[in-house]
Structure formats: structure tokens, C-alpha cells
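Engineer: Sequence:
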Amino acid sequence: MDVSDEQSVRRFGRETRERFGVPDVVVCNSGVGGPSGLLWELELADWEQTFDVNVTGTFLTLREFMPGMIERGSGSAVLIGSMTGKRPLAGRTPCAASKLALVGLARTLALEAGPDGVRVNVVPRVSSPARAWTGSSMPRPKPSPKTRRSSAPN
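The sequence shown: position 24 = 24 (UniProt numbering), numbered continuously.
Think of the hints as simulated: they come from the structure by calculation, not from any bench.
Backbone N, C-alpha and C fix where the C-beta goes; we use that ideal spot for every residue, glycine too.
Check each hint, because a few of them may be wrong.
What the hints assert, rightly or not - Cβ-Cβ distance ranges computed for the label pairs, FRET-style:
no., residue 1, residue 2, range
1, M1, N121, 32 to 40 Å
2, L38, D116, 41 to 49 Å
3, R119, W40, 21 to 29 Å
4, L44, R72, 16 to 24 Å
5, R11, E71, 15 to 23 Å
6, E15, K86, 29 to 37 Å
7, L111, R72, 26 to 34 Å
8, N121, D2, 18 to 26 Å
Using the sequences and the accompanying hints, generate a full structural model.
Structural biologist: Have a look at this one:
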């Protein structure tokens, strides 16, 4: 299933409900890290792809399954976040922004669906930021001298 494609998510939702009924738990686990680099050096297509998967995919999935859980009066939606949603990293703006968007989505949806017995939470993908970056093959952007000067403490 392509979570960024509305028809794909609708088909998945329909097939899931036909086979299993309304789920008790929906876990939105699809995500991409997106491009690494300074914001002003990124391509719009890279930004859009990160948000299409991380945010729009979560929206489409929740929109597909929340009505059934609300009608039943119980359920849980679990959104998988990222350490960059709590501690943004330089050069990871699309990922950080998209994961912070999930926090806002979850908090708002919890207010909307909570009175109907449906819980909504964000769970970070990793529990230890230090351990997550150990041995990471993710490229680290090299800030320009001007960026280093402007971000250095006085």
C-alpha cells in the first residue's frame, strides 16, 4: 500500500474492514527520513515527498479508520514519531517538521475523538537519541562557515 496515495489507502481500508471488521488499534508506522541538507538547499519535491508519506499518509490512514472506532466507542490510534520530533537536528528540517506535525495531529485528534472512547498517541521510534545515532549511516550536512558563525553561542 502507498500511504501517500488516497485510493490505495481507501482500498486498504475497505479490504481490512471487509476481512477483519473495524480494527481495535491503528498504527501509523510509515515514514521516511527525507533529505538531509540545509533548508534553502532542498528541492521542493523532496520536501513534498517527506510530508506526503509522514503527514498526509497518516491523515489518510486515520481518516479511513477513525469513523468506525468512533462509532463503536473504542479504539486506539498510535502514530510513530521520531526523535527529530522532540529534538530537531540541523540539516533534518523536513523530517523534524513532519514529525512535529504528527504531534499536533495527534493532540488535536485526541481532543476530537477522546470523548468517543478513542485514544490517540504519538510514540517515538527510538527511546535513546544517543543510541539511535551510533553507527548511523545517515549523511550529516556540512554547515557553511556563515551558518556555523550564526549558530555559535555568544
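Engineer: Now look at each hint and say whether the structure bears it out.
Structural biologist: Results of checking the hints against the structure:
At about 22 Å, the beta-carbon gap between M1 and N121 misses the expected band of 32 to 40 Å. Between L38 and D116 the beta carbons are some 43 Å apart, a value that agrees with the proposed interval 41 to 49 Å. Checking the proposed 21 to 29 Å range against R119 and W40 shows it is violated: the Cβ atoms sit about 39 Å from each other. Judged by the Cβ atoms, the range 16 to 24 Å given for L44 and R72 is violated: they are separated by roughly 40 Å.
Checking the proposed 15 to 23 Å range against R11 and E71 shows it holds: the Cβ atoms sit about 21 Å from each other. The supplied range of 29 to 37 Å is met by E15 and K86, whose beta-carbon atoms lie about 35 Å from each other. Checked against the hint of 26 to 34 Å, the C-beta distance between L111 and R72 comes to roughly 19 Å, which is inconsistent with it. Between N121 and D2 the beta carbons are some 25 Å apart, a value that agrees with the proposed interval 18 to 26 Å.
When held up to the earlier numbered hints, the structure conflicts with 1, 3, 4, 7 and fits the remainder.
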